[in-house]
Structures are given as structure tokens and as C-alpha cells.
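J.: Listed below are the residues making up each chain.
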Amino acid sequence: MTQAGRSAYRTVLRLLPPRFRGEYGSEMEQLFAEALDAARRRGRLFFLFGWTRGIADVIALAWRIRWGRSVAGRRNQLKHKASSMSGFIHDLGWSARSIARSPLFTVAVVATLAIGIGATVSMFSVLDAAMIRALPYPDSDRLVYGRTTFGERVNAWVSYPDYADFRDGSDAFESLAAILGGVGQFTVTGDQGPERVSGRFVGVDFFPTLGVAPILGRNFTADEAEPGTPDVVMLSYGYWQRRFGGDTDVLGQVHTVAGSPHTVVGVMPPRFRYRYGVDVWLPIRLGSLDTRVRRSHSWNVVGRLRPEATVAEAQSQVDVIAAQLAEAYPDSHEDKGFLITPLGEALVEGYRPNLIILMAATGLLLLIACGNVASLMLARATARKVELSAKAALGASRKRLATQFMTESLLLATVAGLLGTMLALWLQQLILVWMPIDFVPASEVGVSASMLTFALVASFGTAIVFGTAPALTASQASPADVLRGGQRSSAHGGAARMRSGLVVLQVALTVVLLTVAGLLLQSFLRLRAVDLGYETENLLTAQIEVSETGYPDRNSTVQFYRGFLDEVRAIPGVRGAGLISHTPIRDRYSDWTVWNPENPPTRDSERQWALARRVLPGYFSAMGIPVLRGRDHSDSDVDSIPSLLVINQRVAEWLFPGEKAVGRQIALDIGQSEPGFAEVIGVVSDVNVSWIGGTPAPQMYFNNANAPTYWSRQLNLVVRTAGNPTALVRPIRDALRELDPNVPLADIAAMDDIVQDALSGSRVIALTITLFGSVALFLAMTGLYGVLAYYVTRRTREIGIRVAFGASSGHVMRMVTLRGLALVVGGLLVGVLGAVAATRLLQLQLYEIGSGDPITFVLVAAFLLLVGMLACYLPVRRALSVDPVEALRSE
Amino acid sequence: MTEPATVDLQKALPLKPQWFHILLALSQDAQHGSGIVRSVLDQTGGKLRLWPATLYGSLEELAQLGWIEELTRPGERPEGESEKKRFFRLTHAGKQILSAEAGRLKSLAQTAFERLASRGPAA
Chain D
239 MTQAGRSAYR TVLRLLPPRF RGEYGSEMEQ LFAEALDAAR RRGRLFFLFG
289 WTRGIADVIA LAWRIRWGRS VAGRRNQLKH KASSMSGFIH DLGWSARSIA
339 RSPLFTVAVV ATLAIGIGAT VSMFSVLDAA MIRALPYPDS DRLVYGRTTF
389 GERVNAWVSY PDYADFRDGS DAFESLAAIL GGVGQFTVTG DQGPERVSGR
439 FVGVDFFPTL GVAPILGRNF TADEAEPGTP DVVMLSYGYW QRRFGGDTDV
489 LGQVHTVAGS PHTVVGVMPP RFRYRYGVDV WLPIRLGSLD TRVRRSHSWN
539 VVGRLRPEAT VAEAQSQVDV IAAQLAEAYP DSHEDKGFLI TPLGEALVEG
589 YRPNLIILMA ATGLLLLIAC GNVASLMLAR ATARKVELSA KAALGASRKR
639 LATQFMTESL LLATVAGLLG TMLALWLQQL ILVWMPIDFV PASEVGVSAS
689 MLTFALVASF GTAIVFGTAP ALTASQASPA DVLRGGQRSS AHGGAARMRS
739 GLVVLQVALT VVLLTVAGLL LQSFLRLRAV DLGYETENLL TAQIEVSETG
789 YPDRNSTVQF YRGFLDEVRA IPGVRGAGLI SHTPIRDRYS DWTVWNPENP
839 PTRDSERQWA LARRVLPGYF SAMGIPVLRG RDHSDSDVDS IPSLLVINQR
889 VAEWLFPGEK AVGRQIALDI GQSEPGFAEV IGVVSDVNVS WIGGTPAPQM
939 YFNNANAPTY WSRQLNLVVR TAGNPTALVR PIRDALRELD PNVPLADIAA
989 MDDIVQDALS GSRVIALTIT LFGSVALFLA MTGLYGVLAY YVTRRTREIG
1039 IRVAFGASSG HVMRMVTLRG LALVVGGLLV GVLGAVAATR LLQLQLYEIG
1089 SGDPITFVLV AAFLLLVGML ACYLPVRRAL SVDPVEALRS E
Chain G
930 MTEPATVDLQ KALPLKPQWF HILLALSQDA QHGSGIVRSV LDQTGGKLRL
980 WPATLYGSLE ELAQLGWIEE LTRPGERPEG ESEKKRFFRL THAGKQILSA
1030 EAGRLKSLAQ TAFERLASRG PAA
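These protein sequences, in sequence, are chains D and G. Mapping of the first sequence onto the working numbering: position 109 corresponds to residue 347, and the numbering continues sequentially without gaps. Mapping of the second sequence onto the working numbering: position 60 corresponds to residue 989, and the numbering continues sequentially without gaps.
With the rest of the complex left out, here is chain G (with noise of 0.2 Å):
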């Protein structure tokens, strides 16, 4: 494996979407490739379905960032899984920039909000 890069977190954002929803998707548990896509449907109400394509291309990236890492010892895997299925997991790294990005989008749903506000209702 490729040694992980060393980025700078603002330089890296914001994240593509996909990359977001992907990173979003790993952090309670590891998952398989089907298992993200799903997650990303329920997080997104159906709008974003990751095509195989996109999802295992963004996953190669995402793991030669270090964002995610590929479970491979044995006793990491969940019980009763296919061998042959891939489970990914959020590293350090993965869940410092999914924080990151988060906050980008927090301060700007802030600022949205803030400006609504101050401009009273609408006449």
C-alpha cells in the first residue's frame, strides 16, 4: 500500500459530494460496497445512487488519501460475511476531514440562516 498522503484538511475541501456521502456512510460502522450504497440512498432520500464505477473509484482514492482503510485482518471482519465482500472503515484521518467538512457546511447553513433572518419577512 501506497504510504498516506499528508494533506492539509482546508486545502482538501470542500469534498466532492460522493466523497462526503461515501465518509458519511463509514462512520458508525465498517461497511461493503452495497451496504455504502444503500446507506447513501437512505442519507440522501433516494436522490444519490452511487453507479459501482464511481463508488470503487472513489473508494481507491479515498484509501490512498488514508482516509478510509480496508479491513483485512480476519478477526475485524463481521461474522457470517462473504470472504469474498470488502468491508472499508473511517481512519483518523477519515474522520477529521468528515468533521472538517462538516463544520464548512454548518457555518455555511449559518450564515444562510443568519441572512434570512435579518432580512424580516418577505413583503
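For reference, chain D alone in the conformation it holds in the complex (with noise of 0.2 Å):
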């Protein structure tokens, strides 16, 4: 532990009476010292709570010894039954029946509370599965996560040569398994029709890395890898429920997957998953187009390191490995690397900012809400300043009264701590299902021991953030006060000073909160208002594969969908129809390396690639993507060879640039020694298939008719249609259903909801941040009018005395505004500055806007004067309206 940690645990200390400290606290400080550096080496997360930990052990000790409730205590309270209403229990009974006086009061202050409370401990139950809670794996801290870096750039996708080389050659790993990337969908035909599930091709080894086994059958076995071998499949313990009732006799029984029969081997335990829940897991077969080739990229791998083994001496391990490829392939490897990552760590990475973002902005409004609360319990201090005065008059010394002001913060604290926990049980569900994490189901967040810790602590540090103030102030109550019984005591001005001073913090917190929700907002609209190249409106999508069976030849499955599109083209309010393999912005990847022949680059990283689509002609028309030069594919040209391309305008510019595209060769890697080789027929204009906004990305499109067979049995229907595209469903069906009772049409959606869904992680972050802003100016704009009114009650006097001397009401209005928009321009000032840092954390979330947008800023400062006039209103109709001779008069 470092220096100024050390004084930092000192000073938490004190806390503690100065006996206890003299005697343990130099062995407390080493022994904490010993704790938070065996907490550092299990990451940075563990190190915080750590800290938490230690200081929340020392804040509840402090209190057990200081209310005397120790051992020794309660010794003594048996002992003098006399003195036994300690003082702990008598100042509850006090802070309850106050409380219980002003009902409005408690209810405002706890259900603000609350919420804050339950925002903040949901978003923290959220980031702690996510982020601190071990995976639901056994010995999960020695599961690691390896991916192919290209000299600065991280890939999530492994190659198999590549893989199957860091596996053999590294001692490091007790095993290293691949898992095909993505979620693939099957149909399962039976007694009950035809049915699609989700699957996933996994490696023989996967489900032992992991460390879970089947609880019914078997696993894999090595043999099961090898091609030839009888096909096999494990269900999940959902799928196997749903579709089989639970019943034992599926081992062994064979249905049909994909087309070719299936033996079932094995069950996996209930809530088992990796990152997505699926149906069905097949195995890998070695010798498939996906395990041979060293270029394609398309496995996701997992490993599980030996016990004595670590990160660091895995990589320096798999860094020989790639070097000495880089040496074997100097084309393809040259800069070409394996990064080993823990697995946690790993999948956390790409919700790592919004999860932080939205903490941080959780945090920020329960400070405001604290603002708020102790606003109004400064308030009522100078309310019950006579019971408070004639208390000391009676010999209260002032560390009681601020005690007892302070005992009545923690109980409204622990109150709508407990209500906000029983809030946060709820609100973490809404939290996951609104932005979704892979790998933490929203239906297994439930209670945990951090949550209520964290909720502890929550609930104390907020009664010590907004109690201090109103117990400070009682503390100064002095006996005269009540005697006097006037207006004007130091006690007054010390409150009054207090609220300005947390309405000038509200305000800066909400100018922070509301700067980052304008650039947030900004970037989602700019990223909803890009033009993907073609309209969304009215355009249905669907899947839809025939089986091997059904259609054993290149012939049978060209006629088939041939026919299905004459038959959807003919429904009426169907504009245009189109068969793809991928689906716009749901179905991303897929990219072949390509250049021209005739100008081929020298070395491996001076290739391109471009996304690889098979389509049916009238694809384009269907979508309104215009052909700019040549043509679209044509049912004729089926059997030409080579075969034919459409390329987008990028691809044509790129490999001839300047020069006619149509007509051109292209070279294709197709994963052989030799390459393919295409000839380019039309150029297409560039248009947005796999992201929304930035640059298209280099597209070119088959002919699904000649893909080889088996991947041309998959395709992706798209139906422009004249109105609502859902109520076309029903017709499709029908149409598809006459044609072939056994093919399935799954995941329909309509493409707006696509778009939709792929912008949902923007959106959710870009109105909740927006939604917090909006909370947060409410509760400034309330305690700055809450202390502007109080200003003009205090003031009816003088302001009485002026008018009578002849002040003019714009005197009086002036008075009141500068008082209210000194405080908000004090607000901004402190406010900008910490905008400033904050949104310098945000520039990689933000699309098309700058950081330092100076127009948001601008228009967030001007919002607020704004909104700070309207609150001043109010208080300043109040003070023209004082009639100066009631106001002297009153006293």
C-alpha cells in the first residue's frame, strides 16, 4: 500500500475513539495494508472493495463502541438498570416522534431517497455481476479468452490452423477449446414438424474447459470430431424440457438436424450457457472448409490455464508460437499475434463504458437527491430552532443535539435504504432487459451479499452526506435564541449559507449530467438519421433454409426458391422481393479477401477484403439499391464460369480505380493454393449492410445459384412491401407453406426493428442519461427556489423598509434574481469544469459529435439560466408583493 493510502486508512481511524486507536491502530493499519495488497492482485475492481470493505469495518466498529453497544456496554446497562435508556436508544425514540410529527416531510425525504438509493444499488448489483462477480464456471479465474491481434488490432476471431498450433505447442493450457463463432439456427424436423433451434459448433473439449458436464449422457468424444463418424448432438436442459418433456429416453433416440439424422448423446445442466442461451450443440468436424484454412478467421476460442499457470507466462508461451508462424507463413503472419485475456475480463469489454457511464451517473443523482434532502433538513433545523434553543437552555450540550439530528438521518436513511433495496430487486431487471448483457441473464440477478453490503453502505454515506450539514447547524442552537425569539441568529446564517452552498453544487452536478446527456442524445439522433443507401420503411425480413433431404442438388434447391419468389411477388401489396444470404445489420460478417489479377499485391497485408453476400437477382430492386453501371444477376447465368460478381462502387473504385469495372476480373481467396477467380458484371451503389453510419464497407454479390450447394440451401428473405409489412406475414406463410409444408420461416422482423435493435445500446444509454438530467434539474430547480423563498421570508422586512423608502419594484425583482442566478452561475462555473473531464471519458461512445462540442456546452448553460429564472419567479412575485406596512407591522 502506498504512503498516502496508509494516511488515508489513518485518517478513516480517527473515527474511532482515540483510546482504542492508541492501542490496535499501528497493527490495524499494517494488517489492512497486508489485506488491500492481496486484494490488488485480484484486480483493480477487488482492490476498490476492498477499500469499502475496510472503511465500512471501521465506520460500524466506531459505532458499536460509541453507542455502547459493546460487550462491555451492555455489561453495563445490566449492571445500572438506572442509566439503562442508553443514549443510542433514547435518541431513536426522539428521532421516531419527530419524524412522525411532520409525515409530508418523511415522505418527501424518504421516497427521494429511495429512489436515489435504488438507482444506485441496481446499477451497482448490475456492474458487480458483470463486472466483479466470478463467471458461473468452476474455477472461473483460470479461464482465459484468446483472439488474433493484427499488429495493433484486436479480432475476436481465431483461425483453426492457428488455434490447433497455440494448442499443441503450449504447456500453459490444461486445455484450449474453439467454439464456432455466432449462434447458427437449424431446422429439427419430427413428429411435430419442423422446428428451428439455435446452435452452436463447439469443439469437442469445449464443455471440459469450461469445467460443466452433462447432467444426462455423455459429452463428445474425440472420435466425434473426426468426418465420418456418426453425427451426434447435446440438447440444453431447456430445450430438452420444451421439446421433450424432461424425458430420460432421448439418449440415443435420432432425430433429424439440418437435415441428416442426429444421435442425441447428452443434456447440459439447467442455466447453462455461454454468453447466449441456445437449443442444440453440435461438434466440430475437423476437415470442414472452416478448420482448414489459415486465413479464414471464424472461431471464437476458450481455454482453461493450469493451476500454477499465469496469464503472462501463457502469452510469452503463445508469442513464440506466433512468431515462429510468422516465420512458416511470412504473408500472412507478418504481423499477426495470439492474445490470451481472462475470460471475464474478455467479455465484459464491450459494456465496460455504458456500464461505467450510467454508474457514474446513478452516483451523481443520489448526490443530488442528498442536496435536496439536506436542503430540507436545514430548513427544518431553522424551524424547530425554538425546541432546538430552549434544549441547549435545558443543558443539551451540542454534541447531543447534533447527535440527535444526526440519529434522525439515519433512520429516514435506513428506511429508504431498505426501500430502495426492495426497489433495486426490480429495477436491475429493467436495467438488463434495456441493455442486455450476453453473459448475465436478467432472470439470475437476484439478492447477493455485495448488493446488500453495497446498499449498507449506500444508505449510511448518504445519511453522513446529507445529515452533516443539518446537525451542524442544530449544534449551534444557543440558549439565548430563545429568549430573544427573533428572526437573526447565527444559527440562521449558517443554514441559509449551507443551502446556497448545495445549490450551487446541484447545479454543477446537473450540468455535468445534462452535458453528457446532450452529447449522448446528439450522437443516437445523428446515428438514427443516417442513410443506410436504402429505405427501411415497409421492408419485412425472414429466414428460411430447406433441408438436405428435401433437396439433395444444386437443381432441386435453384427451383425451389426460384418459385418461392415468383409466389411472394404475386401477393398482393408485395412491391419487390429479394432472397440474400445475410440480412442488412443483423448478419454482419463474412468477408474473402480479393484484388485484380492483373495487378496482384506482393504481400499478404497489402490485400482487401470485402463483405461476401449471395443473392437472387432482383435482390437490388427489391431493396432500391441502384445498379449505377452494367447489370443485376440474371436466372441465365447460372452456369457461367468464371462466376459472376456484383461489386459496390467502393470495391470498383479500390481494385480499378479510374478505370471501367465491368467486364474486369477479380481474384478471390478462397482458401485453396490457387485462387478464384470472378468476372464483374454490374457495380452497385455503396450502401450500409453490416453498421450503421461511417463508411460502407466494401461489398460484392454471388449468384446464389453458383454457391455450392450446401450453403445455398440458406437464405434471407426481404419483401418490400405498400403498407404495414407484418400483416404480410400471414400471406408468405401460406404461399410458403403450398410449396413445401416442411420449410420453416423464422426470425421475421421488420427492418425498421432491426435498425432499431442495433441502435437499442445508444438509445438506452442516450434517454437514461437524458431521464437523470431531467431528475436532476428538478431537484436543483427546487432547492434553489426552496432558498430563494426562504431568502425573501428572512428579508420581508427589509425588503418592507425599502419599498416604504421608495425602492421601485425593479429594485426589489433585481434584489431576489441576482441572488438566484449568482447561485447558478456559480453552479455553471464549477459545473463546465467537471463537464469538461467527464465527457472527455466519453468520446469513443459518441458518433459524428466532438467531446468538446462547444454548442452543447453553450446551450446546456443557457438551458440552465434559463430554467434558474423560472425558479426565481416565484420568490420574486412573493417579495413585491410585500406591503411595507404589514412588514413592519409584524415585528
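Treat the hints loosely; a few may be bogus.
Lysine to any residue pairs mimicking SDA-like chemistry, simulated, CA-CA at most 20 Å apart [unchecked claim]: (1) G:Lys976 - D:Trp289; (2) G:Lys976 - D:Leu690; (3) D:Lys637 - D:Val653; (4) G:Lys976 - D:Ala276; (5) G:Lys976 - D:Ser340.
These are calculated hints, taken from the structure and not from any lab test. Remember, it's a predicted structure, so these values are computed and weren't measured experimentally.
Two chains, two frames, a set of hints: combine them into the complex.
T.: This is the structure we're talking about:
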């Protein structure tokens, strides 16, 4: 632990009585340093958590010692029954009575705090589940994730031959397993008709690597990776229950999966999942295309380290192997590496920024809420001045008065904390529904010890934050006041100053939240306004796949899809229909390396990739993608050699700069020693097919009829409709059933919804932070109003005198308004500084807008000034209505 | 030092878990603070870490109860250990209470095993 850390802990220890500190302080410090070092070795978050625990621990002890609930205290209580009413119990009773006397105040305070605490606790619980808690696999701290690196760029996908080399060449891993990236859709046929299920291809050692065994049957065996062995399948618990009613006889049964018979060999335990929940798992077959090509990266790699191995050791071993690969394959592996990361860290990477933004925002919101409650309590302390002065006159010490107020704050915070925690149980589900995290299922976040600890610390912290100022004010009550009964006293001035300070702070925090919200919102609106290059409205998409048994060869497959397309086009309300291998925006990947054979690249790093898609003729016109030069595919092109290809502008400009592209040849890396060739017949305009926004990727479109049969069986339908697209689902289904009742239509979705889905992450964050900003604004303005209203009440006499001596209404108005605006401007100055720091962390989340966007800052400032003026309005009106005669008479 | 309280053993049970583990950690030899923390981590398979304030708060309470005592005479302290470290050991009363708690846990476990056994294998 650093010197600064030690002195920070010593400061915390000052909470303990000097006797205790003197006796044990230095040993406690030493122990804490040891505990923290242990926590630091486990990660940065554990380190933070260690600090929280360490501090909470000291607070708890200080509480026990000081409030006399220690053993000695308890014994003394029994011995001296007469003084058994310990200070704490007494204060608690007093607080409860005092709170009960003003129910409206209590409800306002508890509700404000409960919402603040609830939001913070639920956010923490989600953060804890995603970033701190261990993954739900045995010894998950030994699990690692392997990714390919190209220089600085990290790619989640790994090529199978590379993977096999890393697996065989390193002894740091107990096992290293591959899983095919992405979830596949398969048709299962049986007595109950065809059904689409989700599934993944996994290495036969994937489940043992995660350390999870099937609850029924067995794992895949090593033989089952070999081609030619009988096909087998493992079921998820959910699918087993749903489709087979949990019948154990399912083992050994043969079912048709994706057109071929598969034997069921095992069922995985309930709730087992790796990132996404799927229905079935199939073993990787060695020798299939994806396992042979070193340049094709389509696998995810998960490994389990040996108990004594570290990530760094594993990394240095694979670095050596990567260097050997670079020597063996200089063309393709020059700057290629393999990155080993702890699995938990790798999985959370994509979510971390949003989680941290939301956590910080809820924390700010809670602080602002505390500001309001503190302001309310201060006002109450002032109102109870007479009561407090009376107590002081009767001999209550300052400490005693402060303690009583603090007890009241603690009581309120405890009640709010309990309610907030209950609220959090529900809110955390809502957060995960709004912002799904693939490896944290919403159904599985529940109550956890860390969540409750956090709730406790948050409640206590809240009480300290909002209770300190009122307690200090209360302690300043002077016995003389009760006699004087006058309006002005030091306690008054102190409370008013503190409330003003709170308003400045609230405004500052609001500025931070609103600026962040403004930037995120603009970024989201820009993303939503992106022109993808085709209309997304009135466009229906669905997935369709024919089985190998029903359509064994190319001819039958081609005939079926042509016939289907004709049927769909004939449905009334259909303006156009097309078929493509990848639904835009939803299916993102699949790219091939291409080059101009007349100008071949000398090195691999100079090659370029283009997204490859298979289409049936008519796709472009259905989507509304203009064919700029040449033509679309046609049904008569089927047998042409070489295959024909439509490319987008980007590919054309980059392979044939300044030249005609139509009629030219393109070389393609098809994973063999010799490249394949295709002839360009058309150039279409650039559209966004994978991501929303940014430069459209290079794209090329093959004729589905030219593709290998085993690929061409699966396609996605796009239908341009005249009206509401979902109204056509039924007629399309009917048309399909008439052609072949065994072919299911799956994943039906309107294109608009797919786009909405893709934007949901940025939308959720933008809207949530905007909501938080609005609540913060409301709270800050309530605070400002309270301060000004009180200011006017206190100055009623002064205003009366001024008016009596001829001050104009403009003068009175200025006096109140300037007071209010001074607070707002003070908050603005502090807040803008905070916002500059906060938004700088945001840059990566923003689309086409800078984090320092001056317009946003100016708008937020102007908006706050305007709303600040509104908050001044009522107090100003009251000040103007002061009748000088009344004001002077009242004293 | 305050006089040890006379406590009815049964009334003091069940012990707070951290008290039980501290007494257990001291059952063999006298130990100092970080030694106790390590023993408790071992006893609980790393599940229970005593944070400093919990530890020393409990040690003081246990000493007030007379269940443990600090080694004060020079000859008692292990050799070669720094003078600054405070060593604690179990008193006679401490041994009694630890054994009473262990007995309570044992009979509880006994009951659990018997009930499980009498229900037979799960259907």
C-alpha cells in the first residue's frame, strides 16, 4: 500500500476513540495494508472493494463502540438498570417521534432517497454481476479468452489451424477449446413438424474446458470430431424440457438436424450457457472448410490455464509460437499474434463503458438527491430553532443536539435504504432488459451479499452526506435564542449559507449530467438519421432454409427458391422481393480477401477484404439499391464460368481506380492454394450492410445459384411492401406452406425493428442519462426555489423598509433574481469544469460529435440560466407583493 | 483490566461466527493479529477475511469477556517476534466456550445427518 493510502486509512481510523486507536491503530494499519495487497493482486475492482470494506468495517466498529453496544456497554446496561436508556435508544425514540410529527416531510425525504439509493444499488448490482463476480463456471479465474491480433488491432476471431498450433505448442493450458463464432439456426424435423432451433458448433473439449459436465448422458468424444463418424448432438436443458418434456429416453434417439440424422448423446445442466443461450450443440467436424484455412478467422477460443500457470506465462508461450508462425507464413502472419485475456475481462470489454457511465450518473443523481434532502433538513432545523434553543437552555450539549439530528438522518436513510433495496431488486431486471449483457441473464441477478453491503454503505454514506450540515447547524442553537425569539441568529445564517452552497453543488452536478446527456442524445439522433442507402420502412425480412434430404442437389434448391420468390412477388401488397444470404445490419460478417489479378499485391498486408453475399436476381431492385453500371444477376447466368459478380462502388474504385470495372476479373482467396476468379457484371451504389453509420464496407454479391449447394440452401427473404410489412407474414407463410410444408419461416422481423435493435444500446444510454439529467434539473431547481423563498421570507422586513423608502419594484426584482442567478452561475462555472473532464471520457461512445462540442456546452448553460430564472419567478412575485406597512408591523 | 464477566455458557451461545473463528484460531498457540487473520482464512477455505476493525473490535470484546488474554510477561512471548506485536491466547473460560459451541454445532450436524438418512434416497 502506498504512503498516501496509509495516511488515508489513518484518517478513517480517527473515527475510533483515541484510546482504541492508540492501543490497536498501528497493527490495524499493517493488517489493512496486507489485506489490500491481497485484494490488489486479484484486480483493480477488488482493490476498490477492499477499500470500501475496510472503511465500512471501521465505521461499523466506531458505531458499536461509541453507541455503547459493545460487550462492556451491554454489561453495564444490565448492571446499572437505572441508566439503561442508552443515548442511542433515547435518540432513536426522539427521532422517531419527531419524524412522525411531520409525515409530509418524511415521505418526501424517504421517497427521494429511496429512488436515489434504489437506482444506485441496482446499477451496482448489474455492474457487480458483469464486472466483479466470477463467471458461473468452476475455477473460472483460470479461464482465458484467446483472440487474434493484427499489429495493434484485436480481432475476436481466430483461424482454426492457428488455434491448433497454439493448443499443441503451449503447455500453459490444461485445455484450449474452439467454438464457432455466432449462433446458427438449424431445422429439427420430427413428429411435431419442422422447428427452427438455435445451435452452436463447439470443439469436443469445449464443455470440459469450461468445467461443466452434462447432467444426462455424456460429453462429445474425441472421435466425434473426425469426419465420417455418426452425427451426434447435445441438448440444452431448456430445449430438452420444452421439446422432449424432460424424458430421459431421449438419449440415443435419432433426430433430423439440418437435414441429416443426429443421435442425442447428452443434456447440459439447467442455466448452463456460454454467452448466449442456445438449444443444441454440435461437435466441430475436422476437415470442414472452416477448420482448414489459415486465413479464415471464424472461431472463438476459450482456454483453461493449468493451476500453476499465469496469463503472462501463457502469453509469452503463445508469443513464441506466433513468432514461429510468422516465419513459416511470412505472407499472412507477419504482424499476426495471439492475445490471452482472462475470460471475464474479455467478455465485459464491450459493456464496460456504458456500465461505468451509468454507474457514475446514478451516483451523481444520488448526490443531488442528498443535496435536496439536506436542504429540506436544514430548513426544518431552522424551523425547529425554538425547540433546539430550549433544549440547549435546559443543558443539552452541542454534541448531544448534533447527535440527535444525526440519528434522525440515519433513521431516515435506513428506511429509505430498505425501500431502495427492494426497488433495486426490480430495477436491476429492468436495466438488463433495457441493456442486455450476453453473459448475465436478467433472470439470474438476484440478491447478493455484495449488493446488500453496497446498499448498506450507500445508505450510511447518504445519511452522512445529507445529515452533516443539518447536524452542525442544530448544534449551533444557542440558549439565548429561545428568550430572544428573534429572527436572526448565527444558526440561521449558517444554515442559509449551507443551503446556498448545496444549490451551487446541485447545479454543478446537473450541468455535468445534462452535458453528457446532450452529447449522447445528439450522437444517437445522428446515428438514427444515418441514410443506410436503402429505405428501411416497409421492408420485411425472414430466414428460410431447405433441408438436404428434400433438396439434395443444386437444381432442386435453385428451382425451389425461384418458385418461392415468384409466389411472394405475386402476393397483393408486395412491391418487390429478394433473397440474400445475410440480412442487412443483423448478419454482419463473412468477408473474403480480393485483389485485381492484373495488379496482384506483393504482400498479404496489402490485400483487402470485401463482404461476400449471395443473392437471387431482383434483390437490388427489391431493396432499392441502384445498379450504377452494368447489370444485376440473371437467372440465365447459372452455369457461367467464371462466376459472375456484382460489386459496390467502393470495391470498384479501389481495385480499378479510374477505370471501367464491368467486364474485369477479380481474384478471390477461396482458401485453396490457387485463387478463384470472378467476372464483374455490375456495380451497385454503396450501402451500409453491417453497421449503421461510417463508410459503407466493400461489398460483393454472388449469384446464389453459383454457390456450393451446401451453402445455397439457407437464405434470407426481404420483401418490400406497400403498407405495414407484418400484415404480409401470413400470406407469405401460406405461400411457403403450399410449396413445401416442411420448410419453416423463421426470425421474421421488420427492417425498421432490426435497425432499432442495432441502435438500442446508444438509445438506452442516451435516454437514461437524459432522464437522469431531467430529474437532477428538477431537484436542483426545487433546491434553488427553496433557498430563494426562504431568502425572501427572511428579508420581508428589509424589503418592506426599502419599499417604504421608495425602492422601485425593479429594484426588488433585481435583488432577488440576482441572488438566485448568482447561485446558478456559480454552479455553472464549477459544473462546466466537471463536464469538460467527464465528457472527455466519453469520446469513444460518440458518433460524429466531438466530446468538447461547444454548442452543447453553451446550450446547456443557457438552458440552466433560463430554468434558473423560472425558479426565481415565484419568490420574486412574493417579494413584490410585500406590503411595507404589514412588514413593519409584524415585528 | 476490568474483571472478567461470569457468563452462563449456554446463554452465550450461539457465538458470532467471527468470534468462533478467532477462538478456534487461538485454540492451539498464542497468535498475533495477522496470524489470526491467516488462520481464519485457512479455516474457512478463504471465505472469511477479518478486516482490521472487526478483528481488533472482537479481540477487545473477547478479552473483556475474559475468554482470551494478552501475553504480557516477557517470557511468554514467542522468541524473535517484534515487541510491537500483541499476542493473544485462549483462557480457560475461552476453551470452555469454544468447546460448548463446538458441541452445539456437532449436535446440530448430527440432527441434520439423521434426518437426511431417515428420509431415504431422493425419489
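J.: Next step is simple, just say for each hint if it's right about the structure.
T.: Here's how the hints hold up against the structure:
Restraint check for G:Lys976 and D:Trp289: satisfied, since their Cα atoms lie roughly 18 Å apart, inside the 20 Å limit. For a cut-off of 20 Å, the pair hint linking G:Lys976 to D:Leu690 stands: about 17 Å separates their Cα positions. Among the hinted pairs, D:Lys637 with D:Val653 is inconsistent with the structure: their alpha-carbon atoms are about 24 Å apart, more than 20 Å. Restraint check for G:Lys976 and D:Ala276: satisfied, since their Cα atoms lie roughly 14 Å apart, inside the 20 Å limit.
For the proposed pair G:Lys976 and D:Ser340, the alpha carbon gap of about 45 Å is over 20 Å, so the pair is violated.
The structure shown violates the earlier hints numbered 3 and 5.
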